[in-house]
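Input sequences plus hints: build the corresponding full structure.
As they're listed, the protein sequences go chains R and E.
Per my numbering, residue 12 is the first one in the first sequence, and the count goes up by one each step.
Per my numbering, residue 551 is the first one in the second sequence, and the count goes up by one each step.
Treat the hints with caution; some may be incorrect.
[Unchecked claim] Taking lysine-lysine pairs in the DSS-like style, the calculated list, with each CA pair at most 30 Å apart, reads:
(1) K567/E x K201/R
(2) K81/R x K593/E
(3) K168/R x K567/E
(4) K168/R x K593/E
(5) K567/E x K243/R
(6) K794/E x K567/E
(7) K794/E x K566/E
[What the hints assert, rightly or not] Away from chain E, derived, C-beta distances all over 10 Å, residues of chain R:
(8) Q53
(9) L66
(10) K160
Everything labelled a hint here was simulated from the structure, so no lab data went into it.
Ideal Cβ positions, reconstructed from N, Cα and C, are used throughout, including at glycine.
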Amino acid sequence: MDGQLSAPTQATSLFDQTVIPGDIIVDLPSVANLRVGSGLRQDCFELLAMKVGTLRYKKPNKYWLESSHKRYDPSVEDTILGIVVGRNSENFLVDIKSSSLALLPVVAFEGGTKKNIPKLEIGSLLYVRVVKANHGTNPELSCTDASGKAAQFGPLKEGYMFDSSTGLARMLLSTPTCPVLQAFDLQRFKIVIGLNGRIWVNASTPSMVVLISNAIMASEFLSASQQANMVKELTDQLQTRCSVR
Amino acid sequence: MEQRLANTWHMTINEKKFIESALSKNIRVDGRSPVDYRQLTIKFGREDGSSEVQLGETHVIGLVSGQIVQPYRDRPNEGTLAIFTEFSPMADPAFEPGRPGEFAIELGRLIDRGLRESRAVDMESLCIVAGKSVWAIRVDLHILDNGGNLIDTANIAALAALLTYRKPECTLGGENGQDVVVHDPEVREPLPLIIHHMPVAVTFAFFNEGDAMVIDPTHKEEAIMGGRMTATLNSNGDVCAVQKAGGDGVSLSVITHCLRLAALKAVDITSKIKNAVDSYNTARALRKVKRHNALVAPDITVPDSVMKGNQIGQLAEHQAQKFKEESTKTFDTETVVGIPKETVLFNKKNINFIRKDSDSFIGGPSNWDPYSQSIPPTFVRSSQIFPGLHSSS
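Shown next, in the form of structure tokens:
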């Protein structure tokens with residue numbers, strides 16, 4: 012691993028650019044060691060893009076593709092929202108919007124033992140972490156952080172969950188805070204964003220929840236100022252409606 | 551089993567509880583009021599009789615096609631109308647490929663009932679020779695995306711497609727005068743179907759054992775609703791069909807309230823469909839005008855006869871107006887519909903002339919005549935340079 016490694020010449024132009032399947036990202040002999048993320052594949056001495064997305068690079072040697080889909084391609088250490096759809100003696104079966112169901116071991120909770128299994132109904136919403144994501148096997152989830160603490164993971168009560176694209180979820184999680192979230196008073200609602208394109212919102216009143224969820228869904232393709240304007244408009248509308256009643 | 555679980559859509563307890571509790575306060579998760587419809591978009595394909603309707607996230611394509619068949623024995627002078635639905639698994643993973651599901655059949659039958667039982671489409675005008683050949687009209691409805699309320703969307707798609715469909719004109723000819731001759735649409739303008747009125751389906755969903763009622767339910771609302779009722783009405787407020795299959799019981803007063811609401815929505819939706827169809831007809835006529843113009847323009851040297859841009863627009867509107875008139879009045883066999891008598895080229899009396907002279911006529915739309923309404927003297931002069939018109943007079 013060479014910390015000072017500069018990016019190979021033919022790839023520099025592609026960073027933060029949109030690439031399409033078959034684009035050659037790196038000629039491998041020119042680089043010593045690579046860490047390759049989702050959407051990229053090694054083909055002999057070339058690193059190829061496998062889907063449409065934006066190429067990202069992080070020093071020293073991490074490459075990955077970011078794209079926006081309705082389906083989720085699990086990768087390790089993502090924090091996501093899953094729905095319990097069934098269970099067997101070992102695992103809860105969890106739907107995470109990927110092509111196969113994910114498995115959540117019944118002991119993967121803080122202080123979890125075989126005798127102390129949490130009661131999760133079918134249809135419960137869980138905030139979980141991806142532990143294993145290998146092709147050909149079901150992804151494995153956990154409701155603890157790496158050190159075994161619950162750390163916010165676990166079932167979410169009440170509130171409202173809606174689906175978005177994975178790109179929107181990533182946009183909302185990015186720093187600095189996304190303008191649409193900034194436009195609301197962050198103290199007045201709770202939000203949990205899963206990288207798999209599921210968003211959970213809770214606030215004191217249902218109308219507030221509806222307002223926030225619709226503002227988020229509408230914000231995907233708007234610029235920062237447009238987002239702020241839209242939120243302002245929606246809030247005004249809500250107020251006039253309330254005052255009419 | 552596991553694969554099926556992975557491929558179906560799941561609803562969380564959180565969503566279910568939230569939607570129900572919000573509805574009890576008259577709030578819907580997409581910000582509408584309980585009696586609001588989602589945004590309706592109607593588009594048309596380039597071919598006649600193809601429509602694409604979007605209602606919120608729901609997306610349906612309607613296609614109308616016609617075929618000449620032998621009529622049923624008991625109705626020798628009526629054509630047929632059949633509705634076919636296609637539920638693709640792309641629209642919703644819950645739709646299974648192959649055999650149509652229960653809902654697919656219900657949807658087809660409901661639309662079929664609305665259109666047929668109310669006699670919206672004139673069946674007798676589809677007859678060519680009684681007992682021998684009639685038009686069989688087939689409506690295919692393809693569900694592209696299921697965002698809830700498929701019934702209303704598919705019904706609008708079927709109506710829009712039927713309103714823009716044109717069947718080729720047929721006459722009797724041949725040696726014995728009994729053979730059906732189907733005329734090329736290039737030679738004779740195809741005729742629209744005769745639609746007497748538009749039955750519009752309006753769907754209601756009931757929640758909490760009939761406590762809450764919403765119009766135009768979304769996919770999520772459909773997943774948790776207790777019962778559903780579809781009322782099919784036309785813009786005059788005549789009830790054409792009502793469907794309430796199982797689910798929560800509702801009181802008579804709620805049903806009358808729903809019917810009153812549905813009548814209002816039907817007027818609204820009918821006007822939207824009409825506007826869309828009118829603008830389609832205008833665009834269609836405009837296409838024709840341009841083609842004709844290109845055909846004759848090189849021969850014209852008199853500046854008077856060069857049409858300006860806005861004149862072309864007026865002609866198109868005029869043409870569209872004619873199509874509208876055609877669709878409302880019944881078919882008169884003596885004159886070709888939409889063509890003023892004095893300028894008819896393909897009148898039955900002149901049919902010999904057409905046969906004889908058809909080679910010199912170079913294919914332009916036959917019944918298009920921009921100067922039929924009021925002819926200014928300058929135009930009369932210039933019209934003499936049109937070889938086609940000149941020889942006919």
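Hint check results:
Only pairs whose Cα atoms come within 30 Å are accepted, and K567/E paired with K201/R is accepted, the gap being roughly 17 Å. Among the hinted pairs, K81/R with K593/E is consistent with the structure: their alpha-carbon atoms are about 26 Å apart, no more than 30 Å. Restraint check for K168/R and K567/E: the C-alpha separation of about 10 Å stays at or below 30 Å, so the hint holds. Restraint check for K168/R and K593/E: the C-alpha separation of about 43 Å exceeds 30 Å, so the hint is violated.
For the hint linking K567/E to K243/R, the alpha-carbon distance of about 28 Å falls within 30 Å, and the restraint holds. Our distance criterion of 30 Å between C-alpha atoms is met by K794/E and K567/E, whose separation comes to about 25 Å. Simply put, K794/E and K566/E have alpha-carbon atoms about 23 Å apart, close enough for the 30 Å limit, and the pair holds. Even its closest Cβ contact with chain E, about 28 Å, leaves Q53/R beyond 10 Å, as expected for a residue assigned away from the interface.
Interface exclusion of L66/R from chain E stands, the closest Cβ pair being 29 Å apart, more than 10 Å. Its beta-carbon lying about 24 Å from the closest one in chain E, K160/R satisfies the requirement of being farther than 10 Å from that chain.
Violated hints amount to a single one, hint 4; each of the other numbered hints is respected by the structure.
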